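Residue numbers (my numbering), protein chains in the order written: chain A, 1 to 186; chain B, 187 to 635.
Think of the hints as simulated: they come from the structure by calculation, not from any bench. The structure presented is a predicted model; accordingly, all values stated were derived computationally and were not measured. Worth double-checking, as some hints may not be accurate.
Covered stretches of chain B (in silico footprint by chain A; criterion: 3 or more residues with CB under 8 Å from a CB of chain A, positions within the stretch not fixed) [said to hold, decoys possible]: (1) 254 to 264; (2) 312 to 324.
Straight line, CA to CA, 27 Å or less: simulated DSSO-like cross-link-like pairs of lysine-lysine [claimed, not checked]: (3) Lys242(B) <-> Lys317(B); (4) Lys513(B) <-> Lys150(A); (5) Lys389(B) <-> Lys599(B); (6) Lys508(B) <-> Lys498(B); (7) Lys630(B) <-> Lys513(B); (8) Lys421(B) <-> Lys150(A); (9) Lys317(B) <-> Lys150(A); (10) Lys150(A) <-> Lys616(B); (11) Lys317(B) <-> Lys212(B); (12) Lys465(B) <-> Lys498(B); (13) Lys508(B) <-> Lys150(A); (14) Lys389(B) <-> Lys317(B); (15) Lys150(A) <-> Lys389(B).
A virtual CB, placed ideally from N, CA and C, is assigned to each residue, including glycine.
One-letter residues, chain by chain:
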Amino acid sequence: MKRLTSKAKAKNSMPKVPNLKTSKKVSNPSHSKFDLDLVKHFTQFMKDHELVELDLSSGDQAIRLRRAEQFSSHSLNNSSVKNSTPIVIAEPSAAPKADRAATHSKDTHIVTSPFVGTFYRSQGPNQDPFVEEGQMVNAGDTVCIIEAMKLMNEIESDIKGRIVRVMVSNGTPVEFGEGLFEIERI
Amino acid sequence: MKKILIANRGEIAVRIIRTAKEMGIKTVAVHSQCDANALHVRMADESVCIGADQAKHSYLNMVSLLSAVELTGADAVHPGYGFLSERAEFAEIVTKCGVKFIGPSAASMRIMGSKVGAREAVAKADVPLLKGTGVLSDLAKAREAAAKIGYPVLIKASNGGGGRGMRVVRAEHELEQTFFSARSESQTAFGSPDVFIEKYIAKPRHIEIQILADSFGNVIHLGERECSLQRRHQKIIEEALSPVLSPQLREKMGRSACDAARAANYEGLGTVEFIMDEKGDYFFMEMNTRIQVEHPVTEEVTGLDLVREQLKVAAGEKLTLKQSDIKFSGHSIECRINAEDPTTFVPCPGLITTYIPAGGRRVRVDSAAYQGYKVPPYYDSMIGKLITWGETREEATQRMIRALGEFVIEGIKTNIPLHLRILQNPAFAKADFYTKWIEEELLKPSVKN
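Okay, chain A solo, but in the shape it has when bound (with noise of 0.2 Å):
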């Protein structure tokens, strides 16, 4: 999901080979030692086959492993041309924004927003929130406000259903699309 803010580019803007840290994780902690035991079996198995990559789903988790292949280097003195093959976990490829929701076993709906702008989560700076998390909420109830050139544009679900989730923190600049609200469907 892009953000307004800067973004620190760590990568090439050329179609990525990722190389994310090992660091990253699966969110349940119930699989931590799953990853580890996993990685080991399979890190050995893509040697021995000579794999290159492995993509592995159970449910509704999923690894990728995948060898980066560094490009041999013809050193101009001769040296011996090394192929390392570190290996590498991706993280599970991320899903598209519309599928995020998909995570989620229930039936939710994701509010998203209409505009670019600044979302707000209450009519003014001292004044209680449109909704709260765990709310009901009926179709056509106001959920929040998108400023737009100082114009205040009120935002309102489109179904009826519970706030699971409220996505964006107050004050924060949104743009068309971005996921605002994660509603249950009742």
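Fit chain B to the given chain A structure using the hints.
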């Protein structure tokens, strides 16, 4: 200027971002939803999704653009070409928000935006004009004017542009019907029925002069571009310098172009378009108040970075270049690579499965395409420009043929085969073409689309 928001997409957005980066200026890319993975978005320091896929919801959405400017704290907006680049109200509203619009003022745009207004402004500056009229609202006046100018004549929409809204009248008996249908077409396409009449030239060349003006009244020209290779008024191949202009004619046209720019109190980069008849007489057609697609060929023969010059002027700098500093070296050709069928010209958006750009000495690729990029169907079909330079026109041509031959784009169709056909046609080597040559001679009428 610390941060520029580029209100555009595709190759020109990439182009602007590149120069801004070289100048240490931060960049903000805006994009529609389908352009989330576009090259300009990846290259910029920041990006903002401004709307749904259709241009009217995104790249033409002024409110969204201004919101993005506000939120990112950009202090300048570069409109590129097309989209809102020649919309005076956009320039005005950006300026009102205290942000620099990189281009001429709204007032200059308005003068040059109306074809009739532009003609009137440059006539006062003694720039040669095709015999023509002001807005004609009734048939009797049209008939009288056409007789005075002499058939064949062209009925043109005053608010038209991009080659649209023009109808030929070859003889008096055709005038009535064409006059009324031209008015109604103009109303539908451009929101105004205003038409005027001009002398029609049968085999014209399109020669345009690049000008550069600062905010202190200094204007210079950067030579011409030959843009006569067109299809349906869309340029296909452009070159600098024109193979048919003598240095004297260049100087004369250059002065006319600068006079035209002054007549509009112009600031920034602009292009004055002329139509040239077979005798070499030239006439003002229109002025484009923005950077143009084909600006690279001028860059290649002058050694200048036109976007850099544009940004410097916009930042309030005085032009340090004098006319005598402008020197031309060699010859440059540009081929517009479109995602389209090379024979039927039907647009061909889709996934680019293999992309191996041309390269090598004096070959330049200005493109936003890459392997794995999905060309969207919502915008124009041009996916990039291939530009070559050579010491001579012949060398630049051979280099372009070589480069086109090695350029691999698979997954979509492109007009590369058409470019090769044009460049290898004997008429190209002789520079024996005019604006309808591709349609009337290369693609002989027997090959119907």
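Comparing the hints with the structure gives:
Residue count for the stretch 254 to 264 of chain B with a Cβ under 8 Å from a Cβ of chain A: 4. That meets the three needed, and the coverage hint holds. Coverage of the stretch 312 to 324 of chain B by chain A is violated [criterion: at least 3 residues with CB-CB distance below 8 Å; count 0]. This hinted pair does not check out: Lys242(B) and Lys317(B) have alpha carbons roughly 37 Å apart, beyond 27 Å. Between Lys513(B) and Lys150(A) the alpha-carbon distance is near 50 Å, which puts this suggested pair outside the 27 Å criterion.
At most 27 Å may separate the alpha-carbon atoms for a hinted pair to count; Lys389(B) and Lys599(B) exceed this at roughly 31 Å. A hinted pair counts as satisfied when its Cα atoms are at most 27 Å apart, and Lys508(B) with Lys498(B) qualifies at roughly 15 Å. Restraint check: the Cα-Cα separation between Lys630(B) and Lys513(B) comes to about 39 Å, which exceeds 27 Å; the hinted pair is violated. Annotation: proposed proximity of Lys421(B) to Lys150(A) is violated, straight-line Cα distance about 42 Å (limit 27 Å).
About 50 Å separates the Cα atoms of Lys317(B) and Lys150(A), which puts this hinted pair outside 27 Å; it is violated. Between the alpha carbons of Lys150(A) and Lys616(B) the distance comes to roughly 60 Å, so the proposed pair goes past 27 Å and is violated. For the suggested pair Lys317(B) and Lys212(B), the alpha carbons sit about 48 Å apart, so the restraint of at most 27 Å is broken. Distance hint between Lys465(B) and Lys498(B) is unfulfilled; the C-alpha atoms sit about 39 Å from each other, more than 27 Å.
For the given pair, Lys508(B) sits about 45 Å from Lys150(A) by alpha-carbon distance, which is inconsistent with the 27 Å threshold. For the proposed pair Lys389(B) and Lys317(B), the alpha carbon gap of about 16 Å is at most 27 Å, so the pair holds. Simply put, Lys150(A) and Lys389(B) have alpha-carbon atoms about 54 Å apart, too far for the 27 Å limit, and the pair is violated.
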